[in-house]
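Novice: The task is simple: from the sequences and hints, build the whole structure.
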Amino acid sequence: MAEFFQQSFHAHFNFWIYVILMMIGLWALIAKNNLIKKLIGMSIFQTAIILFYVSLGVKAGATIPILDPYGNKEQAAAYAEESDPAKGKNEKKGTEEKGDSSYVGKKSPNPDIMANPLPHVLMLTAIVVGVATLGVALSIAQMIFKEFGSLEEDEILEIVKGGNVDD
Amino acid sequence: MIFAFDIVILVFLVIAAIIALSVKDLLSASMIFGIYGFLICLLWAEMGAVDVAFTEAAVGAGISAVLMIATVFNTKRKSSD
Numbered sequence: 003m004a005e006f007f008q009q010s011f012h013a014h015f016n017f018w019i020y021v022i023l024m025m026i027g028l029w030a031l032i033a034k035n036n037l038i039k040k041l042i043g044m045s046i047f048q049t050a051i052i053l054f055y056v057s058l059g060v061k062a063g064a065t066i067p068i069l070d071p072y073g074n075k076e077q078a079a080a081y082a083e084e085s086d087p088a089k090g091k092n093e094k095k096g097t098e099e100k101g102d103s104s105y106v107g108k109k110s111p112n113p114d115i116m117a118n119p120l121p122h123v124l125m126l127t128a129i130v131v132g133v134a135t136l137g138v139a140l141s142i143a144q145m146i147f148k149e150f151g152s153l154e155e156d157e158i159l160e161i162v163k164g165g166n167v168d169d
Numbered sequence: 020m021i022f023a024f025d026i027v028i029l030v031f032l033v034i035a036a037i038i039a040l041s042v043k044d045l046l047s048a049s050m051i052f053g054i055y056g057f058l059i060c061l062l063w064a065e066m067g068a069v070d071v072a073f074t075e076a077a078v079g080a081g082i083s084a085v086l087m088i089a090t091v092f093n094t095k096r097k098s099s100d
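Top to bottom, those sequences are chains D and V.
Using our numbering, the final residue of the first sequence is 169, and nothing's skipped along the way.
Using our numbering, the final residue of the second sequence is 100, and nothing's skipped along the way.
Since the hints were made in silico from the structure, they are not lab data.
Do not take every clue at face value.
Quick look at which bits of chain D chain V covers, simulated, 3 or more residues with Cβ under 8 Å [to be verified]:
{"no.": "1", "region": "4–11"}
{"no.": "2", "region": "14–23"}
{"no.": "3", "region": "28–37"}
{"no.": "4", "region": "46–56"}
{"no.": "5", "region": "143–156"}
Once the Cα atoms are required to be at most 20 Å apart in a straight line, the calculated EDC-like pairs of lysine to aspartate or glutamate come out as [said to hold, decoys possible]:
{"no.": "6", "chain 1": "D", "residue 1": "34", "chain 2": "V", "residue 2": "44"}
{"no.": "7", "chain 1": "V", "residue 1": "97", "chain 2": "D", "residue 2": "156"}
{"no.": "8", "chain 1": "V", "residue 1": "43", "chain 2": "D", "residue 2": "5"}
{"no.": "9", "chain 1": "V", "residue 1": "95", "chain 2": "D", "residue 2": "114"}
{"no.": "10", "chain 1": "V", "residue 1": "95", "chain 2": "D", "residue 2": "160"}
{"no.": "11", "chain 1": "D", "residue 1": "34", "chain 2": "D", "residue 2": "156"}
{"no.": "12", "chain 1": "D", "residue 1": "34", "chain 2": "V", "residue 2": "100"}
{"no.": "13", "chain 1": "D", "residue 1": "61", "chain 2": "V", "residue 2": "70"}
{"no.": "14", "chain 1": "D", "residue 1": "40", "chain 2": "V", "residue 2": "44"}
{"no.": "15", "chain 1": "D", "residue 1": "34", "chain 2": "D", "residue 2": "160"}
{"no.": "16", "chain 1": "V", "residue 1": "97", "chain 2": "D", "residue 2": "149"}
{"no.": "17", "chain 1": "V", "residue 1": "97", "chain 2": "D", "residue 2": "155"}
{"no.": "18", "chain 1": "V", "residue 1": "95", "chain 2": "D", "residue 2": "156"}
{"no.": "19", "chain 1": "D", "residue 1": "40", "chain 2": "D", "residue 2": "160"}
{"no.": "20", "chain 1": "V", "residue 1": "95", "chain 2": "D", "residue 2": "157"}
Reference excerpt, derived from the structure (chain V facing chain D, CB under 8 Å, subset only) [as the list claims (entries may be wrong)]:
{"no.": "21", "residue": "52"}
{"no.": "22", "residue": "67"}
{"no.": "23", "residue": "74"}
{"no.": "24", "residue": "91"}
{"no.": "25", "residue": "94"}
All of these numbers come straight from a predicted model, not from anything done at the bench.
Ideal Cβ positions, reconstructed from N, Cα and C, are used throughout, including at glycine.
Specialist: This is the structure:
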């Protein structure tokens, strides 16, 4: 039981909350009567999906995915440590690259010390699309209010069924 | 990622979501939804996604809260549930 807690709850807490938020949003979309409340639920659903994707890019002890060759001492130290074996090989071969502690001008940064930026970039698009969806949905809600004089789903359905829409 | 900070923000996130969906006043619901947006922006920054964090702060928390408040003022403020 303690092992289960350690492995599935402590290590994957983000994913539990993602499922909970997604179900809250789905419940609001289905069960709430007010149209604005339904739209808040839709937004919560979207943020839950974005939370899932950003959680995939998280690494333990990783920093933000920005390469800072001149300012960040920790990144520089981690990179120097990473490139040490290569430097040893170069020294054996006797090339000109020995004794160089800064990593400016070297091949590539070490990806292990940064969070994975690919899900972040994908989710930027999802956030913008979500706001556009919310804007269109809110404008449709305003038009429904102008037509029926109400934002409640049951009242609108009653007016539609009764057939006394004045236009 | 700082685990204690992570847990605190996630718990507040769930609380904010439930309160935003359960208040009867739609203006309060919109404001609490804005708080939800800023909390999730804090969560992105804490998880190392700074680009997502400032997009969410500007677009998610700012614009969507403003759009929602504008809709509430153009329609009705009371909600049945």
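Novice: It remains to establish, for every hint, whether it holds in the given structure.
Specialist: Hint by hint, here is what the structure shows:
1. For the region 4–11 of chain D, the assignment as covered by chain V is violated, since 0 residues bring a beta-carbon within under 8 Å of that chain's beta-carbons and 3 are needed.
2. Under the rule that three or more residues need a Cβ within less than 8 Å of chain V, the assignment of the region 14–23 of chain D holds, with 5 such residues.
3. Closer than 8 Å: that is the beta-carbon criterion, and the region 28–37 of chain D has 4 residues meeting it against chain V, so the requirement of 3 holds.
4. Counting residues of the region 46–56 of chain D whose CB falls under 8 Å from any CB of chain V gives 5; the rule of at least 3 is met.
5. A count of 6 residues in the region 143–156 of chain D with a Cβ less than 8 Å from any Cβ of chain V is obtained; the coverage claim is therefore met, three being the minimum.
6. Taking the CA atoms of residue 34/D and residue 44/V, the gap is about 14 Å. The hint holds against a cut of 20 Å.
7. Simply put, residue 97/V and residue 156/D have alpha-carbon atoms about 15 Å apart, close enough for the 20 Å limit, and the pair holds.
8. With a C-alpha separation of about 43 Å, the suggested pair residue 43/V and residue 5/D falls outside the 20 Å cut-off, and the hint is violated.
9. With a C-alpha separation of about 52 Å, the suggested pair residue 95/V and residue 114/D falls outside the 20 Å cut-off, and the hint is violated.
10. At roughly 18 Å between alpha-carbon atoms, residue 95/V and residue 160/D fall within 20 Å of each other, so this suggested pair holds.
11. Pair hint residue 34/D plus residue 156/D holds up; C-alpha atoms about 10 Å apart against a cutoff of 20 Å.
12. Simply put, residue 34/D and residue 100/V have alpha-carbon atoms about 7 Å apart, close enough for the 20 Å limit, and the pair holds.
13. A threshold of 20 Å between alpha carbons decides the hint, and for residue 61/D with residue 70/V the separation of about 17 Å falls inside it, so the pair holds.
14. Restraint check: the Cα-Cα separation between residue 40/D and residue 44/V comes to about 14 Å, which is no more than 20 Å; the hinted pair holds.
15. A distance of roughly 16 Å separates the Cα atoms of residue 34/D and residue 160/D; the hinted pair therefore holds under the 20 Å criterion.
16. For the suggested pair residue 97/V and residue 149/D, the alpha carbons sit about 18 Å apart, so the restraint of at most 20 Å is met.
17. For the hint linking residue 97/V to residue 155/D, the alpha-carbon distance of about 14 Å falls within 20 Å, and the restraint holds.
18. Restraint check: the Cα-Cα separation between residue 95/V and residue 156/D comes to about 16 Å, which is no more than 20 Å; the hinted pair holds.
19. Simply put, residue 40/D and residue 160/D have alpha-carbon atoms about 19 Å apart, close enough for the 20 Å limit, and the pair holds.
20. Between residue 95/V and residue 157/D the CA atoms are separated by roughly 14 Å; this keeps the pair inside 20 Å, and the hint holds.
21. A least Cβ separation of about 5 Å between residue 52/V and chain D falls short of the 8 Å threshold, and the interface hint therefore holds.
22. Interface hint at residue 67/V: satisfied, since its Cβ lies 3 Å from the closest Cβ of chain D, which is below the 8 Å cut-off.
23. At about 5 Å, the closest approach between the beta carbon of residue 74/V and any beta carbon in chain D falls short of 8 Å, and the interface hint on this residue holds.
24. This hint holds: residue 91/V has a C-beta 7 Å from the nearest C-beta of chain D, less than the 8 Å allowed.
25. Against a cut-off of 8 Å between C-beta atoms, the interface hint on residue 94/V holds, since the closest Cβ of chain D lies about 4 Å away.
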